[in-house]
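Novice: Chains as they are written, first to last, in my numbering: chain A, 1429 to 1749; chain B, 67 to 230.
Derived from the structure by calculation, the hints contain no laboratory data.
Some clues are possibly wrong.
Below, computed lysine-lysine pairings styled on DSS-like, alpha-carbon distance capped at 30 Å [what the hints assert, rightly or not]: (1) A:Lys1662 x B:Lys173; (2) A:Lys1593 x A:Lys1662; (3) B:Lys173 x A:Lys1523; (4) B:Lys173 x A:Lys1638.
So the derived list for chain A, only partly shown, Cβ under 10 Å to chain B, looks like this [said to hold, decoys possible]: (5) Ile1472; (6) Ser1603; (7) Glu1659; (8) Ala1714; (9) Pro1724.
The structure displayed is predicted, hence computed values, not measured ones.
All C-beta atoms, glycine included, are put in the ideal place defined by N, C-alpha and C.
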Amino acid sequence: MVGPLVQSALDPHSPQGERLRDLIWIFTAVCGVVWLAVMIALAIAVWRRRASAAPEPSALERAAELRLTIIVGALVGMTAVTVLALTGLSYATQKRVLGRPLAAGMALLVTGHQWWWEVEYKDDEPARTFTTANEIHVPVGVPVTIRLRADDVIHSFWVPSLMGKEDLIPGRENSIRFTAARAGIYRGQCAEFCGAQHAHMALLVVAQEKPDFDAWRDGQIRSADDPNEPERQKGLAAFLAKPCVMCHAVRGTSAAARVGPDLTHVGSRMTLAAGTLPLSRGTLAAWLADPQGVKPGSQMPFVQLDPDELNAISAYLEGLK
Amino acid sequence: MPLAIAPLVAGCEREDRQYRADPPLLDARGAGRQYTLGERYLNNAYHLSQGKRLYASFNCRGCHFDGGGGIGPALMENRWIYGGTIADIVATIREGRPNGMPSFRGKITDEQIWEIAAYVLSMSGNVSSAAAPNRDDHMQGRPAENRQPTPPPPGDEAPKLLSP
Ligand SMILES: [Cu+2]
Chain A
1429 MVGPLVQSAL DPHSPQGERL RDLIWIFTAV CGVVWLAVMI ALAIAVWRRR ASAAPEPSAL
1489 ERAAELRLTI IVGALVGMTA VTVLALTGLS YATQKRVLGR PLAAGMALLV TGHQWWWEVE
1549 YKDDEPARTF TTANEIHVPV GVPVTIRLRA DDVIHSFWVP SLMGKEDLIP GRENSIRFTA
1609 ARAGIYRGQC AEFCGAQHAH MALLVVAQEK PDFDAWRDGQ IRSADDPNEP ERQKGLAAFL
1669 AKPCVMCHAV RGTSAAARVG PDLTHVGSRM TLAAGTLPLS RGTLAAWLAD PQGVKPGSQM
1729 PFVQLDPDEL NAISAYLEGL K
Chain B
67 MPLAIAPLVA GCEREDRQYR ADPPLLDARG AGRQYTLGER YLNNAYHLSQ GKRLYASFNC
127 RGCHFDGGGG IGPALMENRW IYGGTIADIV ATIREGRPNG MPSFRGKITD EQIWEIAAYV
187 LSMSGNVSSA AAPNRDDHMQ GRPAENRQPT PPPPGDEAPK LLSP
């Protein structure tokens, strides 16, 4: 359904991700060498057990004592240098990856909710700002700064192939930056336990060539088209008459609430309910019929619909491309 | 030993998270046999905290503020124009009231109306304090719901301890 998904910190597709991958490998290599050295020393110590018990255990041998002091001192020194070097390296990488905000490029605002992501595209021109959910599109090669907020509890934003983790904390704003190097679909996941459906709080980052991205953005800026087919018209009417409008927005209709995801172009998304299901008319109907069965604990309540309403609303939503 | 187990058993009811109301429950509410159902909501921490979340989401605050009242009356004083049982509050929210309380019939699901009603009662100390929400992360203009003193029994016109 969604094409090959990339989700691995060891398979980076951005300069920031590459630096983090290098850091991971340097740490693994250095720690591996240290581990090996310790194991070898241990093996030697076990193998070279004392040949015979010393006649007088408490007797001091000045020369041996001095030699051991020097060896232990040198090893402590080497350990300290290694730890300091790794700490410094980690700090330097973090500074380069997370450092000063990018002046140029694109700015997004992502708000974490239990258990979905609200995404706002900012623009100097107010008419070009819009809100979507769970799927972020970015142009390849353009630096992107994402401001991160949380609505309820702490979440963590993590798209392993593009960047490190950054927490979303209620009452505070953090930010993270990345530049997608290649077109592709990168999967991300909330990385801080945030309640019952933490595991179903995924998102997709779709990196596209600039013309494709511009086309996508122009599509998202538009309000929802009025439906032409009778079934979808019935769906719109049912949607507007039901509790849906207390929580959801469909731009171009009277539904304008922001408690749940913006549905203006929900049919254009690849997944449903933050990566829980692939999006199709069938899964939309399944979701509306039993949200608490699909994603138990989700903040989307079960709304009683008769079968005709259910079908009509699913058709309406699926057509919101 | 039984003494040690008792609070644990009581705790189960507090903690139970029912995401989907059972169909018989939905029917019972519809048929007006609702008076015995209140306990399910009043003693349950999950329903109360959902109610608190929805009270903010559906903008009850816009008119009642954090219980202190504004355009709408205060909800934390345990003085009710239209009755203070959970069924009364449910009716107020679902059907609306003549002097400016809008009706949420068909706008909020029944399950959520019950959760909100239970939360409204927690603002005046009318729910189990073991299950009521505790303090917010941000500044709050009144004590947390679980620290609200239990009101005197109905009919007793003792002076109010808290003013808005
Ligand atoms: Cu999470």
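Novice: Which numbered conditions among the earlier hints are violated in the structure presented, ordered from lowest to highest?
Specialist: 2, 3, 4, 5, 6, 7, 8
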